[in-house]
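> The chain contents come next:
Protein chains: 2
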Amino acid sequence: QHYTDAFAQVNPLRKVPALKDGDFTLAESVAILLYLSRKYKAPDHWYPQDLQARARVDEYLSWQHTALRSCCTRVMWQKLMFPVAMGQPVPPETLAATLAELDRCLQMLEDKFLQDQAFLTGPHISVADLVAITELMHPVSAGCQVFESRPRLAAWRQRVEAAVGKDLFQEAHEVVLKAKDMPPVDATVKEKLKHSVQALLK
Amino acid sequence: QHYTDAFAQVNPLRKVPALKDGDFTLAESVAILLYLSRKYKAPDHWYPQDLQARARVDEYLSWQHTALRSCCTRVMWQKLMFPVAMGQPVPPETLAATLAELDRCLQMLEDKFLQDQAFLTGPHISVADLVAITELMHPVSAGCQVFESRPRLAAWRQRVEAAVGKDLFQEAHEVVLKAKDMPPVDATVKEKLKHSVQALLK
Chain A
1 QHYTDAFAQV
11 NPLRKVPALK
21 DGDFTLAESV
31 AILLYLSRKY
41 KAPDHWYPQD
51 LQARARVDEY
61 LSWQHTALRS
71 CCTRVMWQKL
81 MFPVAMGQPV
91 PPETLAATLA
101 ELDRCLQMLE
111 DKFLQDQAFL
121 TGPHISVADL
131 VAITELMHPV
141 SAGCQVFESR
151 PRLAAWRQRV
161 EAAVGKDLFQ
171 EAHEVVLKAK
181 DMPPVDATVK
191 EKLKHSVQAL
201 LK
Chain V
1 QHYTDAFAQV
11 NPLRKVPALK
21 DGDFTLAESV
31 AILLYLSRKY
41 KAPDHWYPQD
51 LQARARVDEY
61 LSWQHTALRS
71 CCTRVMWQKL
81 MFPVAMGQPV
91 PPETLAATLA
101 ELDRCLQMLE
111 DKFLQDQAFL
121 TGPHISVADL
131 VAITELMHPV
141 SAGCQVFESR
151 PRLAAWRQRV
161 EAAVGKDLFQ
171 EAHEVVLKAK
181 DMPPVDATVK
191 EKLKHSVQAL
201 LK
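Same order as they appear, the protein sequences are chains A and V. Heads up, the first sequence is in the UniProt record's numbering, so the first residue is 1 and it goes up one at a time. Heads up, the second sequence is in the UniProt record's numbering, so the first residue is 1 and it goes up one at a time.
Looking at chain A on its own, in the form it has when it is part of the complex:
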């Protein structure tokens, strides 16, 4: 759907998510989250006013693009979307390298961000936790044991679920967790996707 011309009117980058709020359109999930939190005056802890606390959230949001986000997406594609949905096998050494990178990113998530805190950027839940948990659901959906050998991260996941509420937490991840049951994509879609997803094979 996001390769249609109608969608390009909302987001010329032709990527999801995208927001349309009246005449105003906006791409990029992080920008959208910050826009919504400001527009609806979300409670301070989501994106704190305090100079240093906010900088910690910005630091996470910035780091994750080329680290956790990048490798969670590639794990999902290499382990699930290419072989199952696209019918395109992935070289085992490529997948192995991506999984090793995921492991390094998870270690950094624990050691540099979570540490001994309740949430990734401090004692309260922030948009950083939302961005992180939604990324982590991609390798989980592809069958990776992200939390099983990482008790600190598993406890954090429980705290995020409790803070968000069990129902909303499930609803937010419903689609991604069902990806393994999706039917193979048809030839037309495969042709459209071909070029744009090849970079995810690296």
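Zero decoy hints are in this set.
Which copy is meant is left open, because identical chains are indistinguishable; a pair holds if it fits in one copy or across any two.
16 Å max Cα-Cα, derived EDC-like pairs, lysine to aspartate or glutamate: (1) K192 <-> D5; (2) K39 <-> D21; (3) K112 <-> D5; (4) K15 <-> D5; (5) K39 <-> D50; (6) K202 <-> E93; (7) K202 <-> E101; (8) K39 <-> D23.
By construction, these hints were calculated from the structure, which means they are not laboratory data.
Go by the hints and put chain V onto chain A.
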């Protein structure tokens, strides 16, 4: 220098840039820029209070990580650092694919962000322009003709230089523009770098 233990005290991610402000340490250039603009109450245009104008800046800052930033860094490494400083040849088809990606990113920078505006996110200079120009100096330093065939982008570059001031603009890019004259790295540094930079060969 950023692989030393002393630097890891400031930034456990062992990456530059990093900021140390009293006891407070912070990584990630975007987070550092926003921190400094808030701490020193920079004029509004750098990161506007207006809801939609700020969202435009956030959108750019978010987009560039996996787009312009990622390919500018890879161009610099594949065209200059690997072959010249590291003495490691880069497969021509790898470099060609990266240069094609740079071209697509530049096109998006013009079509989706700059459009017919004076600056990337609107009529005034913002942190988005600073982040963009510093990234673009990497392929420029590696000998790419980034602005030559793109008059709209070249005019924007002139406006950024004028807004920042010629001297500061030059000073900010002095090191990166001298990269081609740096001596080959010695064996110890090469060994330290080896693993961390291999991803830039993709």
